[in-house]
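Trainee: In order, the protein sequences belong to chains A and B. Its first residue numbered 1, the first sequence is counted upward by one per residue in the working numbering. Its first residue numbered 121, the second sequence is counted upward by one per residue in the working numbering.
Be a bit skeptical, because a hint or two may be false.
Unchecked claim - One-sided excerpt, in silico: chain B residues whose CB lies under 8 Å from chain A:
1. Glu-142
2. Ile-146
3. Glu-170
4. Val-171
5. Asp-181
Stated by the list, open to error - A few chain A positions that, by computed beta-carbon distances, are all more than 10 Å from chain B:
6. Asp-38
7. Leu-47
8. Ser-113
If you're looking for bench data, these hints aren't it; they were derived computationally from the structure. Where is the CB? At the ideal position from N, CA and C, for every residue including glycine.
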Amino acid sequence: MSDSTPQADSLLPLPPATFHILMALAEEDRHGYAIIQDVAARTGGELKLSAGTLYRSIQRMLEQGLIVETQERPAPELDDERRRYYRITPFGTAVARAEARRLTQLVKLARASGFAPGKA
Amino acid sequence: MRFYRALLHLYPASFRGEYGAEMRGIFALRRREASGFAALVALWLQTLGEVVVNAAAVHWDVLRQDLRYTARTLARTPGFAFTAILVVALGVGANTAAFTVTDFVLVRPLPFAEPERLVKLWESTPGYSRMELSPANYRDWKRMNTSFETMGALEPISMNLVGQGDPERLEGAAVTADLLPVLGVQPLVGRWFTTADDREGAPGTVLLSHRLWQAALGGDISVIGRKVILDQAPYTVIGIMPPDFRFPNREAEFWTAKQFQEEDFKDRDDNYLQVVAKLRRGVSVEQARAEMSVIAGQLERQYPKENLHTGASVIRLRDELSERSRLLLIALCGAAFCVLLIACANLANLLVARGLVRQKELAVRAALGAGRERLVRQMVTESLAVAALGGVLGLVVALMALPLLTKLVPNSLPIAQAPSVDMRVLIFAGLLTVLTGIGFGVVPALRACRADLSALREGVREGGGQKERFRSALVIAEVTASVVLLVASGLLMRALWRIQAADPGFRADGVLTLRTALAWPKYEKTALREEFFTKVLTGVRELPGVSSAAYISFLPMAMGGGIWPVGIAEAPLERGESHTASMRFVTPGFFATMGIPLQLGRDVSESDTISGPFVAVVSQSFVRRYWPNENPLGRHFQFAEHDRMVVGVVGHVRVRGLEQKSEPQVYLPYKQVQDGWFIFYTPKDLVIRSSTAPPMLLPAIRRIVQSADREQPISDVRTMSEIVEEQTASRSLQLRVLGAFAAIAFLLAAIGIHGLLSFAVAQRGREIGVRIALGARSSDILGMVMRRAFLLAVTGIALGAALAYAAGRTLEALLAGVKPGDAVTFLVAVGLCLVMTLVGSLLPAVRAVRVDPITVMRAE
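Please build the complete structure, drawing on both the sequences and the hints.
Mentor: Structure representation (structure tokens):
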């Protein structure tokens, strides 16, 4: 629990969409549609975020300080000026870690109860 | 794509502005990916659902955020929050209470099947628009009409119930078997009357009210089929009516079958039946009226003497209440609405001022990226939140006020005494609250958010001329509404005083009254009644403190009817000209007990018996009508089946109450009546003048009555003063409520003026400072502020006076002769408003004079 602050814990558990968006932004800054595609790819097409769910989550995540809008743009030929790019904040990273830890604990407990396969 | 763009409007504008373009872009990509019709349909369905769900979620997010913000702002300014909530509570509470009573009395359908088709039928003669029917006319109307599906009749009666605890006097009705099908109500238990019950000579049957069944018979179901003793005769209980069955009014406790005898149909002038009918489907009240007037015309031709000038009135059952009751309620609603308007104006004013103060805060938020729509929405949420808190409090206020308003529910309707609070009322209060919130919140929010970033620049002073104009208009509206309320309450107050000052014709103070209604046919013989009255009166007169006591058929004001046609040799009997007088049998000493002045001749006496000449004491108004400027003593007239000679003249009594015109009175000696005649007019009300307090007297009186007849119940114990007060009870209640409304309005308007001027002075501090620095005297500054105040007040007063006159015209029927333009009332109201303006502007004016030019300049 080194980098998890009480503030980060207060946001847990994260809504699935929020956690997925954080994961999509873990490697690089992305714009909205790229996030949707990344989430879809990561989940093997299982989760296709709708535009509404995406931007509603983004709005809330901006307010919570999990992500920020970046002013840095990619190379002009790749850029579309309508698009906004989002970047995970250190706080966002902390929250995502805390959530991951929470889920791990949960899975451990589930295993101990014999609910899940794998080593206990 | 256009459709998607339209769909996005479900989102809050701020969200749409922020992300709309990107969402459209994503949607466009998705659509391109979707190949084939089926995929396109699937995409659209998915999108539709997604937008609806997410839009609702975003709205909810915004609302939560706004509410959090509201809670913080209100907590920062508790004074404002408290005032605003209280003002809304007063406005909503006043209107909810007024609505509840008015809806209950005037609007809500009566608790019968198809109530809109129910009417009441009355005979009408010149002078009496609603007179009961005689059995013969009832039978003919029923036979001849084609407008009504069914028609039933009832006669209000009262009987003594004995054998179930203390003897009890009960009000009820003798009804024809076809009455209940008209009303479409089923007994809770048992059955209704059949034609076998209401034929002549059938064994007595009775239906009981739910209350009587519970109270006197313990709610025992086995009572059905048992016999109860009413007025010495056995009646088989055949059923119990439901708890909300109150017919013909809420006093009714039992219903027996009306058994007509053939001789009942002989006299067409013996009017005692109330008739209810159900219109045939598709027949309007107007059509029924037209047909009934044709029928009445035919009967008049057939019976030119008895039915002379006898028409038919058809009145909706819902409308069986006096114009006065209706106006009292409408005036109450109007006044409540005025209070709400003032409350809204006041709050709007408060919010505009607050908006000006908050301009910097709003500008900062705008600079941080909040759109105008977002700010307006936030402020409207704030006012709705205030309204909602006020609304809840207002509902509590209304619920607490309701029991006080039951006096405004007239007795003539078949409804409960107290209005019920149900969904209708809650929905009304809810709607009112929302409208109030929008009413006082939207304009100030729009105005405040017109602010732009310029407010952040140093040195820009808040508040333009336009805002002041809006606020001035609000203050004028407040003054206008308070003038209307002040004048209306003033006029009604003067009307009340005038009515209360009217001489009832008797001295009410110190008179105790109670009713010992004698059972029939037990007391059919006049001699038996004499014996009872003598025993009771002798006993009561011996009680300490009692100076006199007497019996009469009905107390004045408690009973207005009981009239009989008068025949005078010189002026032949003509029913059409309302040659009627109220008829009362009295024992000697009635006039002395009631303090009715004996002006000529003598009182009735114990020696006026059936064997002696038939005599009468008449009222002065009777003499004025028939023998003006002549000595009436020794004159004869036809009355109550006999030739009567005038032996005395007493003062006129307002038998029909303080506000109505009363017929002249004829008092007959209680002994001069044949056995079994004039049952209805048998003396039953005992009046006692005494210096002892009624509670001390009552146990002794009960003992005396008990010893005269063990089975005799006592009912209606009241003082005469209570009866007189009851006359103006609904009025004085309404006036108190209206007066309270006016006071609230007045206070709010004063606060409004004060608030506006204080603000103006604060804002114009620099200008005032400069003026002072340039040599303006205190009186100039004072004049400047006061001029402004009085300009507002005079405009409001002028508008208010015009509206108040119009309101007075509407209320004219309630004003008891006070003119709607009554100068004194208007002068007082205007004077009060000017004083209010002066008081409201005093503090700001003083503050303006005290402005220190140096301090102001330095602050700049």
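Trainee: Against this structure, judge whether each hint is valid.
Mentor: Do the hints match the structure? See the list:
no., hint, result
1, Glu-142, "5 Å, holds"
2, Ile-146, "5 Å, holds"
3, Glu-170, "4 Å, holds"
4, Val-171, "6 Å, holds"
5, Asp-181, "7 Å, holds"
6, Asp-38, "13 Å, holds"
7, Leu-47, "13 Å, holds"
8, Ser-113, "34 Å, holds"
Of the hints listed earlier, there is not a single one the structure fails to meet.
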